[in-house]
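Chain by chain, the residues:
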Amino acid sequence: MKPAAFDYVRAEHLDEVLDVLGREGGDARILAGGQSLMAMMNMRLAKPRTLIDIMHLPELARIERKGGTITVGAGVRQASLLAWPELGRSLQLAALALPWTGHVQTRSRGTVCGSIAHADPSAELPLVLQALGGEVHLRSAKRRRRVAAKDFFAGMMATARVDDELIEAVTFPVVQKRCAFREVARRHGDFAIVACAVVETADGVRLAVGGVADMPAARDFPRLEGSALDDALNGFAYELDARDDVHATARYRRDLVRMIGRDLVREVLQ
Amino acid sequence: MSRLQAGRRHSVRFSLNGKPCAGEAEPRLLLTDFLRHQIGVTGTHVGCEHGVCGACTVSIDGRPARACLTLAVQIDGSEVRTVESLAPSPDRLGILQSAFKRNHALQCGFCTAGILISLDCFLREHPNPDEEGIRDLLCGHLCRCTGYTPIVRAAIEAAAELADQGKEKTDA
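Line by line, the protein sequences give chains A and G.
If you count by the numbering used here, then the first sequence holds residues 83 to 352, one letter each, in order.
If you count by the numbering used here, then the second sequence holds residues 1067 to 1238, one letter each, in order.
Since the hints were derived computationally from the structure, they do not count as laboratory data.
C-beta atoms are modelled at their ideal positions from N, C-alpha and C, and glycine is treated no differently.
Treat the hints with care, as some may be off.
Simulated coverage check for chain A against chain G, where a stretch passes if three residues somewhere in it have a Cβ under 8 Å from a Cβ of chain G [claimed, not checked]: (1) 118 to 128; (2) 171 to 177; (3) 180 to 187; (4) 321 to 335.
Start from the sequences and build out the full structure, keeping to the hints where you can.
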């Protein structure tokens, strides 16, 4: 299908973006890479009256490492982050997960912040943000605030962003610990049936799971092995409130959490 | 800041297959429909219109992208290449196209334009591709006829031929 009619605003300054968002609020949507939003608009699931294109703002297209964090601006495309020379050293989990994010043909335009703004429960980048305990930088004409990943995702494609706010950037902490990522999908690059990320912590691991609940969920586990690990993963899998859909049953999803979770935890703790 | 109003046509200037091109588009017009109906280049196909099937893939500033998830007004100032750019003349096929023909890498041909553009972009960046890389690229396309194996074979053959051609050029 085709999108409903809208005004298209090509912003050249950040103030213009915040001004239009402030005046038009929920009737306006930010257009970055468009790889989620345009699909929603083509299906008429989204009908914004105004689209604000932010891809002509060089200040939003930066990846910066400052101390212990990496800031990825709203205009940074997924392909650009994947090609960032420091990615493997500083943000290994993203380096592992990005090749699973859509396809070459969508990563070329899709942005990192756009995927997080869309907050699809199966998407990889929200999962990475949740697993690493990153932050979302929100900005409106009136205020700026930072929201932790655990407070940002509010449900199926729902977030803590309010209508006049732009996601200006996201920050990921640099984690020099072992990590692992794996997902199961019908076709490589499709939305995950289950995606798991594991990061080593001071006293064990953190397991984050996408595709199961209505938002990415993370849980810290102490160092466990054998049946104690299986029991802990089983408990977590049940608490995730898995759903049935056309791709997989809730039971299959729990199975995947148990199996992929166990493999990744062993991989990280070995 | 420029605000292009809904329901009105706005000028879009871009480069199409290496030549300057211009047209008019309402903000809601997708790049697929703009290319096919306004500009008149119909090689780019329209499949799912939500970014999944890959039939509409074109090159935007050198990278393969979904034309169905791109607005015509977004490509103002960009370089767009479509499947029409691959043949050196109307009566001759390009190297990649010839390899597809030899290997039966297409049957109905609906997905082919998008796959050719993806592979063309890919082979420019990866002149010595392995099968895994090609299959990863093809994940972004649906082909319901071939089972992909002949497409992979054609891509590997075309890469070898392009590499030979490159050598000839450097030797000369």
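Problem - Numbers of unmet hints, in rising order - result: 2, 4
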